[in-house]
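Starting from the known structure of chain W, arrange chain V on it as the hints suggest.
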Amino acid sequence: MIREIIFPLLNVFGVLFVVLSVAAGLIWLERRLLAVWQDRYGPNRVGPFGLLQVVADSVKMFMKEDWLPPFADRLVFTIAPSIVMITALLSFAIIPITPYIGVLDLNIGLLYFLAMSSLSVYSLMLGGWASNNKYALLGGLRASAQMISYEVFMGLSLMGVVMISQSFSLRRIVEAQAGLWFCIPQFFGMIPFMIAGFAAAHRLPFDLPEAESELIAGFHSEYSGMKFGMFFVGEYIDVALISALTVTLFFGGWLGPILPAIVWFGLKTFVLICFFILMRATLPRPRFDQLIAYGWKVLLPLTLVNLLVTGAILLAKAS
Amino acid sequence: MLSLLRSMWMVLLHTFRRPVTIQYPEQKPYIAPRWRGRIILSRDPDGEERCVACYLCAAACPVDCIALQATQTEGGRRYPQFFRINFSRCIFCGLCEEACPTYAIQLTRDFEMSEYNRQNMVYEKEHLLISGTGKYPDYSFWRVSGVAIENKDKGEGIEDRPPVNPRTLMP
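Those protein sequence lines, which keep their order, are chains W and V.
Residue 13 in my numbering sits at position 13 of the first sequence; the count goes up by one each step and never skips.
Residue 136 in my numbering sits at position 136 of the second sequence; the count goes up by one each step and never skips.
Just chain V, with the same shape it has in the complex:
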């Protein structure tokens, strides 16, 4: 009986405590820098798309919410013809970001993506592409890769050495 009265007193004392509620729309919660939110496609420092349409993100996605189609420029530069993420399926696990070899696909801190129409949850490439570089400002896949594309031949990339003809490489 005494313990009941005591606990009632303890509950009553909570009248003078501050509520822990964060009143969301007016008062924003703290979002961690590594928060996994809305997915974006970033560009390299030259302003070109980073995505090389390798399909690794689509393969890594556990809910199959990423769809894309690879194509090439005339200069041999691969890029996605379309890139579609169905955010009504996405579980924001971040595996696509981990799988991406070119830092193209990245997760951001934005989580306010409610829609009235379910179809609006499907984001096309024009919705996903941002104009900046995202988390890795200096990285450019085509400059460090040894692949030849327009206005860059083999051996012209950063830290690249000119290619060696293996047939001349005799002991």
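Just chain W, with the same shape it has in the complex:
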């Protein structure tokens, strides 16, 4: 009874709770880290170290008028923000945090993640479309074009990992890294995957769907209140998701000496999240044609070559 009901329930709600609070904490972390790298303090007034800034922000967000533009497509406009959060949270189900913690162990885990990440773009596209606003529509168009270009090699870049570990299950992939983390043999798979992850999460060098300098706020120009908050939190869940996934696929997940598994997982994810934020602090936003050309002309060939070389080496080893 305890093994069959309580354990899975604890797992599900524990992971949900942790993911949501991590996403909220990320808002604070990002603002503080960006500030540190710009020689500022960042939010440090509300609570210790400004940690309660998130609470203040969300109270503000709830108090705001939840405005539905009269010219918008009401139903789609309301549904769109939830899609990005739902898909991001659903993707977290397959992440093995430690050998015992983790919601699902799908044997097609990776494919499931790829499916979810391509579904999440519907949120931006529908949001942009339903807003009935030209800037929002342009943002939505950019989001879908960017996603189509980048998810091609997002999937392909992971195939090297799958070939070596002989499995789509993330648990098996982590166990296959006991000898050597995949970030070394699959270095040229990791780089495109991380870049595609940035693009999928619409993080700063790739946040053209909401490029403030050109498109007001892009796809969420018309959103306010908690609907905007959903997009906002969804983005941070995506950041945590991509970081956790990169850790699982390329940095050996929970594997590591001395410290317990959960600490290793948390530590590695934290470092990667900081790396995400550092990217945002440093890099300027490319032009849209540069973004697409970079995807098709540089990263796609790179992943294909990586795939061929990995396959050739595996074949040579087998024979």
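Calculated from the structure, these hints are not laboratory results.
Heads up, some of the hints might be wrong.
To be verified - Using C-beta positions, here's what the derived DEER-type ranges look like:
1. V/137 <-> W/47: 45 to 51 Å
2. W/60 <-> V/131: 43 to 49 Å
3. V/25 <-> W/52: 16 to 22 Å
4. W/47 <-> V/31: 27 to 33 Å
5. W/74 <-> V/12: 45 to 51 Å
All C-beta atoms, glycine included, are put in the ideal place defined by N, C-alpha and C.
Just chain V now, kept in the frame of chain W:
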């Protein structure tokens, strides 16, 4: 690509820099001695109002935030009946201070004048007048001017010579 990595490294090094932020309410910023802040009306060394209600400050004010009404004591000493500065309009340009012939109106280093009620930004004479002399401790307009007022006739001021009757001033 290498330049991107290099700039990321440079940004990372900023972790060890001191923030340049001055955390204002606890940590006060440096205010220059000639800072143009809250406007005051000063008094002469005798403790009397310096302002002679000449309207030059009101005329110089580019945003028309100064309002006053001149009047006189029985002894002939001009002073403002009311003197009103609307600080919600004031742009702290300091032109009133430059225009003032008696050093009465002066700008100070105080800038913390926020109010919850907009009406409280309007300062009357009792709010503007200070008890001291401000930037020019020894200056007293009525002592150096040749105007006759109570207990000072013409020619009795500092560096004044007794008045000459022009009709007796024959060659």
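For each hint, the structure was consulted:
Remark: the range hint 45 to 51 Å for residue 137 of chain V to residue 47 of chain W is upheld by a beta-carbon distance near 49 Å. Checked against the given bound of 43 to 49 Å, the beta carbons of residue 60 of chain W and residue 131 of chain V, roughly 45 Å apart, stay inside it. Between residue 25 of chain V and residue 52 of chain W the beta carbon distance is about 19 Å. The supplied range of 16 to 22 Å therefore holds. A hinted range of 27 to 33 Å holds for the C-beta pair residue 47 of chain W and residue 31 of chain V, which are about 31 Å apart.
A beta carbon spacing of about 46 Å between residue 74 of chain W and residue 12 of chain V agrees with the range 45 to 51 Å that was offered as a hint.
Violation of the numbered hints given earlier is absent; every hint is satisfied by the structure.
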